[in-house]
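Undergrad: Below are the chains, spelled out letter by letter.
Number of protein chains: 2
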Amino acid sequence: MITDKSGELAAKTHEIDRLAGEIHEANVSNLILVHGGGSFGHPSAERYAIKDGYKEESQKIGFSETHHFMTVLNGLFMDSLIMHRVPAVSVTPSSCMITEKGRVKQFEDAPLVTLLRMGFTPVLYGDVVFDTNLGFTVLSGDQLISTLAIRFNAERIIIGVDEDGVYTADPKLEKTAKMLEYLKLEELKKLQSKLGKPTACDVTGGMFGKLAELVPAVEKKIPVTIVNATKPGFVRMALEGETVKGTKIEKE
Amino acid sequence: MITDKSGELAAKTHEIDRLAGEIHEANVSNLILVHGGGSFGHPSAERYAIKDGYKEESQKIGFSETHHFMTVLNGLFMDSLIMHRVPAVSVTPSSCMITEKGRVKQFEDAPLVTLLRMGFTPVLYGDVVFDTNLGFTVLSGDQLISTLAIRFNAERIIIGVDEDGVYTADPKLEKTAKMLEYLKLEELKKLQSKLGKPTACDVTGGMFGKLAELVPAVEKKIPVTIVNATKPGFVRMALEGETVKGTKIEKE
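Residue numbers (this note's numbering), protein chains in the order written: chain A, 1 to 252; chain B, 1 to 252.
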C-alpha cells in the first residue's frame with residue numbers, strides 16, 4: 001500500500017513516511033523489511049512479460065526498466081527510513097539471488113547475515129531476477145518474505161495490506177465477504193482456491209499470491225499477522241506485539 | 001566527474017546524460033560500467049569514518065546514509081542509461097560482496113555473469129560494504145574496476161576522469177606538471193609515490209588511489225586508457241577503440 005496501484009510510478013510518500021515513523025517508534029531488533037512493487041514494478045513487468053521469462057531481445061530493456069523502477073521506489077522508502085534514523089540498508093535481490101523456475105535457488109546471504117548481526121535493518125523488495133530455467137523472471141516480495149522467514153527462522157511475520165485482513169472472498173468484489181480473524185493452516189489452504197485472481201495490477205497475485213507464498217512459512221510454525229497498514233498505528237502496534245485487528249494465521 | 005565535488009549530493013545531470021548517450025552510441029558489447037561516489041558517497045563516508053571500520057554505534061546511520069546516497073547517484077545514472085535504451089542493470093556491491101581488510105574477498109558473481117551472457121550492461125559503483133575484519137568499510141569504484149577486469153579477463157579498461165590524463169604531478173597544484181601519454185607498468189609504480197594524496201573530497205584517494213588499484217590489472221596485461229570524460233565524444237571514441245588524447249598504460 002505504499003503506492004497507488006491505479007496510477008503508474010505513483011508513490012504514496014505520506015504513507016511511506018508514516019510507516020517509516022512507525023517502524024522507528026516500534027524499535028524492533030532483528031527486523032527484516034520487505035516491500036512489493038505496486039505501481040512501480042508491476043506495470044512495466046507486465047508490459048514486457050518479464051515473469052514468463054526471456055523470449056525476445058525487446059524484453060531486455062523491460063527487465064532493465066522494471067529493476068530500475070523498483071530501486072526508485074525502494075529509494076523513496078530508504079529516504080524516509082533513514083530520515084527517521086532507522087539504520088536501514090537496502091539489499092538488492094537481483095544482485096544476490098538466482099531463481100529456478102521462479103523459486104529462489106541461489107542466495108548469497110552473507111551481507112544480510114552481517115547486517116542482522118550488526119543490528120542494521122535490511123530492506124528487500126520484489127525485483128526482477130535471473131532464472132536458471134527461464135532466463136529471467138519476477139521474484140515477488142511475498143516469496144521473499146516466506147523465504148527469508150524460513151531461512152532465518154523468524155519469530156513472526158507481519159504483513160501490512162490495504163484491507164483489514166483476509167476475507168472469505170475478495171471484499172472489493174463481494175459485499176458479503178467476511179473477514180477472518182483467525183486462520184489455521186488447513187483453512188488457509190482451502191481458502192486459497194476460493195480467493196481467485198486479483199483485480200488490480202499485480203503480476204504476482206495480490207492476496208491470493210500472498211497466501212500461497214505464506215503456506216511454507218506457516219508450515220514451519222512461523223505465525224503470521226496480516227494488518228491494515230493504512231490505519232495509523234496498526235503496523236507499529238503489530239511490531240510491538242500488541243493485539244491489533246487483523247488476521248492471524250498459525251499452523252494449528 | 002558525474003558529480004560536483006565542491007558540493008554535496010550535487011550531480012552533474014547534463015554530463016550524466018551526455019555520457020549515457022555516448023555509451024549508447026558506442027554500442028559496445030560485454031561492457032561493465034563502474035562509477036564512483038563523488039559528492040554523494042564521499043562526504044558522508046568521511047563524516048562517519050566508514051573506511052576505518054566499525055568503532056561505535058553512531059556510525060551505523062552513516063553506513064546506511066552513505067549506501068543510500070550511492071544508490072541515489074546510481075539511480076540518476078540508471079535513469080539516463082535506460083532513457084538512452086542501454087539495457088543497463090545495476091548490481092549493488094554491498095549486496096553481493098564482502099571484503100577482508102578492505103579487499104574484495106567474497107563475491108557472488110552469478111547475477112553479473114548472467115547479465116553479461118544475456119547481453120545486458122551491468123553497472124556497479126563505489127559502495128560501503130561489510131568487512132570480515134573491520135566490520136564494514138568503503139569499497140571504491142577503482143578497486144571494483146580492477147577486480148572485475150581481472151575476474152572477467154577484460155580486453156581493456158577505460159577510465160573517464162576530469163583531467164586530460166595522468167600527470168607527472170597534480171596538475172591542479174603544480175603548473176609545471178606534464179601529461180604522460182604513455183606509461184609502462186614500471187613507470188606507473190614509480191609515479192604512484194610521487195602523486196601524493198588528493199585535494200578534493202575523495203575518501204578513496206583520487207588519481208593516486210586509481211593508479212594504485214590499476215597495478216594488478218596492468219600486471220595481468222589488461223591495457224588501461226585514461227581519458228578526459230568532460231570532453232564530449234572522448235568516452236565514446238575510447239569505447240569504440242579510436243585513438244583519443246589521454247594516458248595509455250600497458251605492462252611493457
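Quick caveat, the hints were computed from the structure, so don't treat them as lab data. Check the hints yourself; a few may be wrong.
Any copy will do: because identical chains look the same in the list, a pair fits if it lies in one copy or spans two.
Here are the simulated lysine-lysine pairs, DSBU-like style, with alpha carbons at most 35 Å apart [claimed, not checked]: (1) K231 with K184; (2) K105 with K178; (3) K55 with K221; (4) K184 with K55; (5) K105 with K51; (6) K105 with K220; (7) K178 with K55; (8) K231 with K55; (9) K175 with K105; (10) K55 with K245; (11) K55 with K248; (12) K55 with K251; (13) K55 with K175; (14) K5 with K172; (15) K231 with K251.
Quick caveat, the model's predicted, so the values are computed rather than measured.
Undergrad: Taking the hints in turn, state whether each one holds.
TA: Hint check:
| no. | hint | in the structure |
| --- | --- | --- |
| 1 | K231 with K184 | within (25 Å within a copy, 66 Å between copies) |
| 2 | K105 with K178 | neither (37 Å within a copy, 54 Å between copies) |
| 3 | K55 with K221 | neither (39 Å within a copy, 38 Å between copies) |
| 4 | K184 with K55 | neither (40 Å within a copy, 46 Å between copies) |
| 5 | K105 with K51 | both (16 Å within a copy, 33 Å between copies) |
| 6 | K105 with K220 | both (19 Å within a copy, 34 Å between copies) |
| 7 | K178 with K55 | neither (42 Å within a copy, 53 Å between copies) |
| 8 | K231 with K55 | neither (42 Å within a copy, 39 Å between copies) |
| 9 | K175 with K105 | neither (41 Å within a copy, 57 Å between copies) |
| 10 | K55 with K245 | neither (45 Å within a copy, 42 Å between copies) |
| 11 | K55 with K248 | neither (41 Å within a copy, 41 Å between copies) |
| 12 | K55 with K251 | neither (40 Å within a copy, 43 Å between copies) |
| 13 | K55 with K175 | neither (41 Å within a copy, 57 Å between copies) |
| 14 | K5 with K172 | within (14 Å within a copy, 52 Å between copies) |
| 15 | K231 with K251 | within (27 Å within a copy, 64 Å between copies) |
Checked against the numbered hints given earlier, the structure breaks hints 2, 3, 4, 7, 8, 9, 10, 11, 12 and 13 and satisfies all the rest.
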